[in-house]
Amino acid sequence: MSRPPAHATPRRSPGRLARRGLTAAAKYTILMLVLLATLGPVLWVYTTAFRSDAEIMQDPLGLPHEWRLENFSEAWKVGKFDRYFVNSVIIAVPVVSLVVGLSALGGYALARFRFRGNRFVFMLFLVGLMVPFQAVMIPLYFDLRDWGILSTYWAVILPGIGLGLPFGIFLMRAFFIGLPAELGDSAKVDGCNEFQVFWKVMLPLTVPAASALGIFQFMWTWNSFLMPMLYLQREQLRTLPLGVMLFSGRYSTQYGLLFAGVTIATLPVVIAYVLLQRRITAGLTAGAVKG
Amino acid sequence: MGSVRQVASKPPGARLGIRLTPWAFLIIPLVFYAIFFLVPLLQSVVISLTDWDGVRQVRNFVGLANYARMLTDPLVRVALGHNLIWILVGTASPIIISLGLGMLLWPSTRGSNLFQAAYFMPQILSTVVVAAIWSKVYHPLIGLLNKALEAAGLGHLTLGWLGSMQWALPAVLIAAIWAYFGFTLVVILAGLQTVDVDLLDAASIDGANGLQRFWNVILPQLGPVLTMITAYTLIGGFNVFDIVWVMTAGGPANATDVLSTVLYKRAFMEDHVAYGTSLALMLTALSLIASGLFIYFREKGTER
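Residue numbers (the working numbering), protein chains in the order written: chain A, 1 to 291; chain B, 292 to 595.
These are calculated hints, taken from the structure and not from any lab test. Built from N, CA and C at the ideal position, the CB exists for glycine as well. Treat the hints with care, as some may be off.
Stated by the list, open to error - If we take Cβ atoms under 7 Å as the criterion, some of the chain B residues that face chain A in the derived model are:
| no. | residue |
| --- | --- |
| 1 | I319 |
| 2 | Q334 |
| 3 | Y358 |
| 4 | R360 |
| 5 | S399 |
| 6 | S403 |
| 7 | F406 |
| 8 | L435 |
| 9 | T568 |
| 10 | T575 |
| 11 | F588 |
As the list claims (entries may be wrong) - Listed next, the stretches of chain B that the computed footprint assigns to chain A, with coverage defined by at least 3 CB atoms under 8 Å from CB atoms of chain A:
| no. | region |
| --- | --- |
| 12 | 335 to 347 |
| 13 | 457 to 465 |
Build out the structure end to end from the sequences listed, making use of the hints.
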């Protein structure tokens with residue numbers, strides 16, 4: 001937009017200005033209404049979490065008369081959220097780091113080397129990008145049982161890595177294709193072998209793509225529901241989403257407690273989002289446009 | 292690999308080494324992928340051709356009997372209908388909402404980033420949390436929706452939304468759209484960054500009004516982005532499970548059952564493992580066909 005828009009200066013009658021003010025008002029009204037619809041339910045849950053059940057029953061919409069913190073301490077105590085939180089971390093850390101690491105390896109190989117089978121391997125991973133988890137979930141259940149790791153952390157860590165790779169490799173391959181090949185070639189002239197080229201030259205350049213992939217993979221693993229529900233059938237192994245489901249089933253009529261539990265479970269993610277928001281949407285955009 | 296020969300130029304061993312290098316990078320990812328995806332996928336095909344119940348050792352080959360059984364399973368037909376509603380409404384409405392909001396936020400609006408960030412926020416919540424929040428919004432006694440209706444003087448419309456045969460599916464679908472449209476919006480806004488502004492100016496000089504500019508100039512340029520999110524959403528519409536399962540578990544009386552919840556019930560609650568597997572493969576095939584057809588027709592459309 002180097003030159004000013006054609007209609008900017010010459011025709012500026014008062015009627016036109018008024019109309020423009022009106023459209024701006026209409027625009028912001030719509031934007032605010034959607035904002036209210038988006039944040040309203042969440043804010044309602046967060047504020048109601050401070051209220052007593054009697055107060056909620058009487059008037060579910062209002063703000064708390066007195067801000068009760070007891071709901072939170074009670075929910076924390078009976079909800080075992082600390083246990084679920086630790087389980088989620090134990091599962092997310094290896095899945096995210098291995099998906100990012102292995103995707104960098106595989107994506108690099110597919111982007112940099114021309115070899116027989118390159119296209120075939122890429123297509124193989126593309127299949128995994130399009131086929132839903134349901135297509136493998138039943139045999140995988142019995143495989144994990146036969147290997148004796150059903151209802152252990154491994155039962156979601158190992159499949160989580162395998163099923164995360166298609167998207168990861170897809171993203172990292174697109175990223176490496178965008179890097180100039182001369183970078184690696186000049187390092188080879190300087191005496192590096194292929195692994196040193198990858199490790200010393202390419203890997204440091206992948207930080208933006210790898211962190212975008214890491215954020216996505218973390219969100220998927222952290223929020224994943226069906227896989228842990230099927231493969232982690234012992235209560236002490238449950239992850240946060242399963243814990244929330246269990247909790248809201250068990251205390252479905254103790255509203256204050258329930259809302260406090262949902263608040264506890266979501267607040268860390270929401271805070272992390274507020275801090276990292278720009279990076280999350282930027283990563284998403286990069287992935288979408290490249291893909 | 293003798294050390295003497297290696298000094299000489301390009302020994303055969305080194306050439307083999309070069310040929311194996313990409314596989315050295317690929318071997319670990321491929322092994323993970325094969326064990327946890329490719330092999331189970333093949334196992335699915337095999338199991339779906341048997342009568343295995345997951346308990347007994349024996350598996351008898353029954354050919355396509357499981358696939359034939361789908362045709363006569365009344366629940367499958369009901370669920371498929373719900374999936375189609377889910378796909379039509381759940382694909383079209385986030386895209387339409389996002390296009391509308393995108394046109395309001397683009398090319399530049401004060402506070403655009405803030406709005407975008409807020410609209411995207413539900414996307415980071417786990418589906419279970421979205422379900423927990425909306426179950427309370429729809430709650431018959433303390434629900435936000437009923438109380439808002441009462442406050443607006445529409446008290447006669449209040450309802451136990453998730454318990455209603457008629458309203459349960461739309462209610463769950465609305466919760467899903469609420470959680471999803473921020474994603475399509477961010478992607479569409481990214482696509483709008485690539486729209487040629489000069490072309491747009493030229494169109495307004497030629498006297499095109501806002502709607503004409505949107506329809507004839509902006510929309511065609513968004514084509515690739517729209518294809519991508521539509522295909523992505525279509526796949527999601529066939530295998531939707533989490534939000535339905537947590538909010539209604541398919542009820543009341545199958546009013547919200549979709550293919551995924553039916554296959555879950557058949558395979559894991561009724562021990563019809565082989566039949567459940569064939570349902571999973573059917574669901575997979577449907578989503579692949581639908582998104583494949585969609586991409587095919589789009590590309591054919593843009594060739595002209």
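Exercise for review: Report holds or violated for the interface hint on L435/B, using the least CB-CB distance to chain A and a cut-off of 7 Å.
Suggested key: Holds. Min distance 5 Å.
Practice item. With chain A as the partner, please determine if I319/B meets the hint condition of a C-beta pair closer than 7 Å. Key: holds (6 Å)
Practice item. Mind checking the CB of T575/B against every CB in chain A and telling me if the closest is under 7 Å? Key: Because about 4 Å separates T575/B from the closest Cβ in chain A, which is inside the 7 Å limit, the hint holds.
Point to revise | 8 Å C-beta test of the region 335 to 347 of chain B against chain A, three or more residues | key: n = 3 at 8 Å, threshold three: holds.
Check your understanding: Are S399/B and chain A close enough, Cβ to Cβ, to be under 7 Å, as the hint says?
Key -> Violated, because the Cβ-Cβ distance from S399/B to chain A comes to roughly 10 Å (cut-off 7 Å).
Check your understanding: In terms of beta carbon proximity below 8 Å, does the region 457 to 465 of chain B have 3 or more residues touching chain A?
Key -> Violated, because only 0 residues of the region 457 to 465 of chain B bring their Cβ atoms closer than 8 Å to Cβ atoms of chain A.
Review point. Holds or violated: is the Cβ of Q334/B closer than 7 Å to a Cβ in chain A?
Key: holds (4 Å)
Review point. Was the hint right that F588/B lines chain A, CB cutoff 7 Å?
Key: violated (17 Å)
Point to revise | Hint check, S403/B versus chain A [nearest Cβ-Cβ separation less than 7 Å] | key: Not OK, violated: S403/B not within 7 Å of chain A, min 9 Å.
Check your understanding: If you take the shortest Cβ to Cβ gap from Y358/B to chain A, is it below 7 Å?
Key -> The hint is violated - Y358/B has no Cβ within 7 Å of chain A, the shortest such distance being about 15 Å.
Exercise for review: Grab the minimum C-beta distance from T568/B to chain A and call the hint holds if it beats 7 Å, violated otherwise.
Suggested key: holds (5 Å)
Check your understanding: Per the CB criterion, is F406/B less than 7 Å away from chain A?
Key -> Result: holds, 5 Å to nearest chain A Cβ.
Hints 3, 4, 5, 6, 11 and 13 from the list above are not met by this structure, while the remaining hints are.
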